[in-house]
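**Q** Residue numbers (our numbering), protein chains in the order written: chain A, 1 to 155; chain B, 1001 to 1085; chain C, 2001 to 2175; chain D, 3001 to 3085; chain E, 4001 to 4118.
Incorrect hints may have been included.
Examples of chain A residues lying across from chain B (beta carbon under 8 Å, computed) [as the list claims (entries may be wrong)]:
no., residue
1, Pro33
2, Thr45
3, Leu49
4, Val50
Keep in mind that the hints were calculated from the coordinates and are not lab data. Remember, it's a predicted structure, so these values are computed and weren't measured experimentally. Where is the CB? At the ideal position from N, CA and C, for every residue including glycine.
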Amino acid sequence: MKMSKIVQTGAHILYPFVLIFGLYIVLHGHLTPGGGFQGGAVIATGVVLVIVANSYEAITGMLQKVVFKAQESLGLLLFIGAAAIAITLGLPFFYNFLANSGSVFGLSVPFGPNHGYLNTAGLIPIMNIAVGIEVWGGLTVIILSMLSGLNRKEA
Amino acid sequence: MNILWMPFVLVLVILVLLALVRLYLGPTAGDRAVSVDTVNTLVVAILILLGVYFKEVIYIDVAIVFALLSFVGTLFVAKYLGGEL
Amino acid sequence: MLPFLLTAIFAFLIWLVLTAGTGDIGLWSAPELVAGVALSLVTAGITRTFLCRSRNFRMANPARWLLMCLYILGPFFLEVTRANLDVAYRVITGRIRPGIIRVSSDLKTDLGIFMLANSITLTPGTITVDIDETTHDLYVHKINLVFGEEKRETFLDSELFSLANLPAWIRRIAE
Amino acid sequence: MIEMIVQVLVLFGLVGAALMVFFFRDLLAATLAAGFFSFLVALEFYILQAPDVAISQAAIGAGLTTAIFIIAIRATTRYEGEESQ
Amino acid sequence: MIGEALTYVFLVIGTAFNTLGIIGLLRFPDVYTRMHATTKMTTFGTTFTVLSVVVYAVAMFLGGNSVMFPSLALHTLIAAFILAFTNAIGSHALARGVHKSGCMPEPSVVDRLEGVRP
């Protein structure tokens, strides 16, 4: 069964906020506390907030489990792919070939105390994004699978 | 400007421990949930004061995460108590 | 299309607040702005059916947001202060006379009833316990009923507040 | 000095919450005590200047773990030692 | 100077209201009245604690110390706003769940909700 209208409205207003905040944590993983796992967990908790506010029957129409499963696999593939590109360039596995290259995420860090620049650190933000996508999908699939196993006949 | 943040943090931590007493005593599950919900609010205050004390602006994000997400647990407890899960 | 754009603008404003103080273009640096546009488009693509669920776009008017800020800083804050002093008095002396009463409201939209319920929960010695989904009647737990109040069937929503008429403000903001 | 007192108080609270998780027969109350425990653990991580661990503890420990435990209680029984239907 | 004094005043107000909220949690007789004490007073107290940090940040910024303080003030204000929002929703949901679970308000003069739901 769904919760009251007040909780539903609040959850639906909070969901975009949680999503953009989690993406902020994921993308700023090399500058502020957080990173891929933490940001993914934050977004997954936001999805769980929407799940708890609605009934399970309504949720199956809004959020498909297949999407989250695909997301988990996609994150893992992106992580491995980003690590394996270095091999095709003739470098060691996991080599940070983007750092100091001047392209995306490739600026060098200025000397001295500063507040942190977004497009530095090379491959690490891309790894963070991959981990974030994977954790987002995985933790949501756990909750959806556990909810689908409940016995709703007697309630 | 030197503010003494730590005495206030000490008072708030003592308040958290007093909420633990209600968690132990509380006759029904609702009382315990109210206690946990209170501690959520207090912990946000403690985190903000400690973040200013450590002089790290980026630590405040942790307090936002706490304020934003830990009421999901309260919602699950409420849904279970209401027999709606 | 309109929900998509509104959600994207909402997310981008939040992003601007979160990343303020990082660079030279205003308060922001160029990579932060580019990333903000991209991520708010992603957010809008995922959550566009959630934020604009009731399919009315009254809250897209910036004047209403300004009015909401005024509401929070002015009458709402006054009521919160008065309610807290009242509950502090009841904590110290222990004089309570609680009961659950029924409050009728003529607010129609979801957002209006949401704001009214949250204002009731945070302000005047009352907590919203339940809501009638069709008629939007609220069941409110009040900590101190005046003698004789328990015999009345329903209350008007503006009778709960003493300093300012909060339901009229909410009607002006959300309806 | 005063930081030391705060840490000792938080650790006492941790021990108390953990004992409650162990001794409560009502599993819903034990879940709430586990939520309390995770708040205090996150606070301790924060005092030890590990804010990213505190973020993951907030999101996982206070939000998702409570949800998973409560779904599990709903699927089985609420009181320890009861026969399952 | 005035910023420092104002910071201390707000901190003391916030801590005092938090303390009163916890006393109410320990002292009141049933769930609903405890919820009154905790929801209102700890939210109010935490808001004042946050306001003290905001006042501190503004005073430091006007003193010309660092560019970090606008960010500090904005983030703490977001935390306070979100906290008020989620606390209101959470305590409403908890009150509804407790009432549906059959735990009636114990010292109570009237309960209009009692016969409404099956």
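**Q** Given A:Pro33 was flagged as interface, is its beta-carbon under 8 Å from a beta-carbon of chain B?
**A** 6 Å, holds
**Q** Double-check A:Leu49 for me: the hint is only fine if its C-beta lies closer than 8 Å to a C-beta in chain B.
**A** Because about 5 Å separates A:Leu49 from the closest Cβ in chain B, which is inside the 8 Å limit, the hint holds.
**Q** Grab the minimum C-beta distance from A:Thr45 to chain B and call the hint holds if it beats 8 Å, violated otherwise.
**A** Given a least distance of 5 Å, the restraint on A:Thr45 holds.
**Q** Does A:Val50 hold up as a contact with chain B if the rule is Cβ-Cβ below 8 Å?
**A** 10 Å, violated
Hint compliance for this structure: hint 4 alone is broken.
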